Amino acid sequence: MAITNDKIKKQIYIGLASALAAAAAYGATQTIARSIVTGTAPASVSATWTIFFGMIFLFFMSLNNIKTDMKAPKKAFLMMGLAGIFSSFGVFFMFSALSNAPVTVASPIGAINPLVAMALTHIFLQKLERVTIQMVAGSVLVLLGVTMVILGRFTG
Amino acid sequence: MSDTLLGAGLAALAATSWATGAIFARIGMQHMASTTGTFFSLITGFVLILVIALFLDYDAMFAVSKETILWFILLAFIQFPLGRFLNFNGIKYAGVAPATAILGSTPVFSAILALLFLGEQITLMIGLGILAVVAGLAMVLYRS
Numbered sequence: 000m001a002i003t004n005d006k007i008k009k010q011i012y013i014g015l016a017s018a019l020a021a022a023a024a025y026g027a028t029q030t031i032a033r034s035i036v037t038g039t040a041p042a043s044v045s046a047t048w049t050i051f052f053g054m055i056f057l058f059f060m061s062l063n064n065i066k067t068d069m070k071a072p073k074k075a076f077l078m079m080g081l082a083g084i085f086s087s088f089g090v091f092f093m094f095s096a097l098s099n100a101p102v103t104v105a106s107p108i109g110a111i112n113p114l115v116a117m118a119l120t121h122i123f124l125q126k127l128e129r130v131t132i133q134m135v136a137g138s139v140l141v142l143l144g145v146t147m148v149i150l151g152r153f154t155g
Numbered sequence: 000m001s002d003t004l005l006g007a008g009l010a011a012l013a014a015t016s017w018a019t020g021a022i023f024a025r026i027g028m029q030h031m032a033s034t035t036g037t038f039f040s041l042i043t044g045f046v047l048i049l050v051i052a053l054f055l056d057y058d059a060m061f062a063v064s065k066e067t068i069l070w071f072i073l074l075a076f077i078q079f080p081l082g083r084f085l086n087f088n089g090i091k092y093a094g095v096a097p098a099t100a101i102l103g104s105t106p107v108f109s110a111i112l113a114l115l116f117l118g119e120q121i122t123l124m125i126g127l128g129i130l131a132v133v134a135g136l137a138m139v140l141y142r143s
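In the order they appear, the protein sequences are chains A and B. For what it's worth, numbering that gives the first Met the number 0 labels the leading residue of the first sequence as 0, then goes sequentially. For what it's worth, numbering that gives the first Met the number 0 labels the leading residue of the second sequence as 0, then goes sequentially.
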C-alpha cells in the first residue's frame, strides 16, 4: 500500500513539474514569437507550419508507445482528436480576440481558462479528480497576478 | 456590438475551448501514453488550422522563406514536444485542475523572459503581479 501511495505521489510530482515546465515553455514561445516571427507571416500560416513540425517531433517521440497505444479504445482517440480541435480553436479564438480588442482586455479574459477547467472538472470528472477550495483560491490569485502583469506590461 | 466587446467574447470562447480541450485530453489519456495522445491531438489540430490557413492566406502559406522555416522549427520544438506534451503529461498525472492552474501562469514566464532578454522594465504592478502568481501557485501546489 505504501509503495502504491509513493508511486501515486511520485506521479503527481511529475505531473506538477511537467505543468510548470510547460508554462515556462509556452512563455518562451510567446517571447520568441513576439520578437522574431511577428510580421514575417500571418498568424494562421505560422500556426500551420509550427503544428506541422510539432507533429513530426511528436511522431518520433511516440514511436516507442504507438504500437501498444493503437490498441486503446476508439473513444480514447476520439477524445484526443477533440482535445486537439478544441486546443486549436482556443488559439484561433485568441488570435481573433487580439485583433478586435486590446491585449489588456483579451489576455486576462483568456487567462480565466483554469477556472473554467475547474468548473468543467467538477461537473464532468468527479470520478477522476476532486477540485478543492484551495485550488480555486490559488487559481483566482494566479488570475489576479497574471492580470496585473499584463496590465503592467501593456499599459506602462 | 463594439470591437472590444466582440474581442472580450472571443477571448472567453478561447478560455472555454482550452478548458474543454483539457477535459477531453484527461479522459483520452487514461488509455494511452502522453506522447501518443499529444501526437493524435496535433493531427486533428493540424487539419483544422491548415483548412483555415488555406482559406484565409493561401498565397502566404507557400511564400515562407527558409530562414522563417528554421524559426518555425525552433518554435515547434518549444511549443509541442516541450509545451503541449508537458502540459498533457501534467493533466494526465496531476489532473486537469492543478495542471491548468499552473499553466495559467504562462504570461508571467513570458514577462520574466521579456525582462531578461528584451530589456523590458519591471514596474511595481508587474512585481506585485508576479508575487501574486507565485503565492497562487504555492497554494495550488501545496494542496495537490
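Derived from the structure by calculation, the hints contain no laboratory data. Errors might be hidden in some of the hints.
[As the list claims (entries may be wrong)] Coverage of chain A stretches by chain B, computed from C-beta distances (three or more under 8 Å per stretch; other residues unrestricted):
| # | segment |
| --- | --- |
| 1 | 19-30 |
| 2 | 83-94 |
| 3 | 105-117 |
| 4 | 134-147 |
[Claimed, not checked] Across the chosen pairs, the derived CB separations fall in these ranges:
| # | chain 1 | residue 1 | chain 2 | residue 2 | range |
| --- | --- | --- | --- | --- | --- |
| 5 | B | Asp2 | A | Thr67 | 23 to 29 Å |
| 6 | A | Pro101 | B | Asp58 | 27 to 33 Å |
| 7 | B | Ile72 | A | Phe153 | 28 to 34 Å |
Remember, predicted model here, so these are calculated numbers, not experimental data. Note that CB positions come from ideal geometry on N, CA and C, so glycine has one too.
Do the hints match the structure? See the list:
Under a criterion of three residues with beta carbons nearer than 8 Å to beta carbons of chain B, the stated coverage of the segment 19-30 of chain A is upheld, 12 such residues being counted. With 11 residues having a beta carbon nearer than 8 Å to a beta carbon of chain B, the segment 83-94 of chain A meets the requirement of three or more and the stated coverage holds. Interface restraint, the segment 105-117 of chain A with chain B: holds (11 residues with C-beta to C-beta distance below 8 Å; minimum three). Counting residues of the segment 134-147 of chain A whose C-beta lies closer than 8 Å to any C-beta of chain B gives 13; at least three are required, and the coverage claim holds.
About 50 Å separates the C-beta atoms of Asp2 (chain B) and Thr67 (chain A), a value inconsistent with the hinted range of 23 to 29 Å. Look at Pro101 (chain A) against Asp58 (chain B): about 29 Å separates their beta carbons, and that is inside 27 to 33 Å. For the pair Ile72 (chain B) and Phe153 (chain A), the beta carbons lie near 29 Å from each other, so the given range of 28 to 34 Å is met.
Taken one by one, the earlier hints fail for this structure only at number 5.
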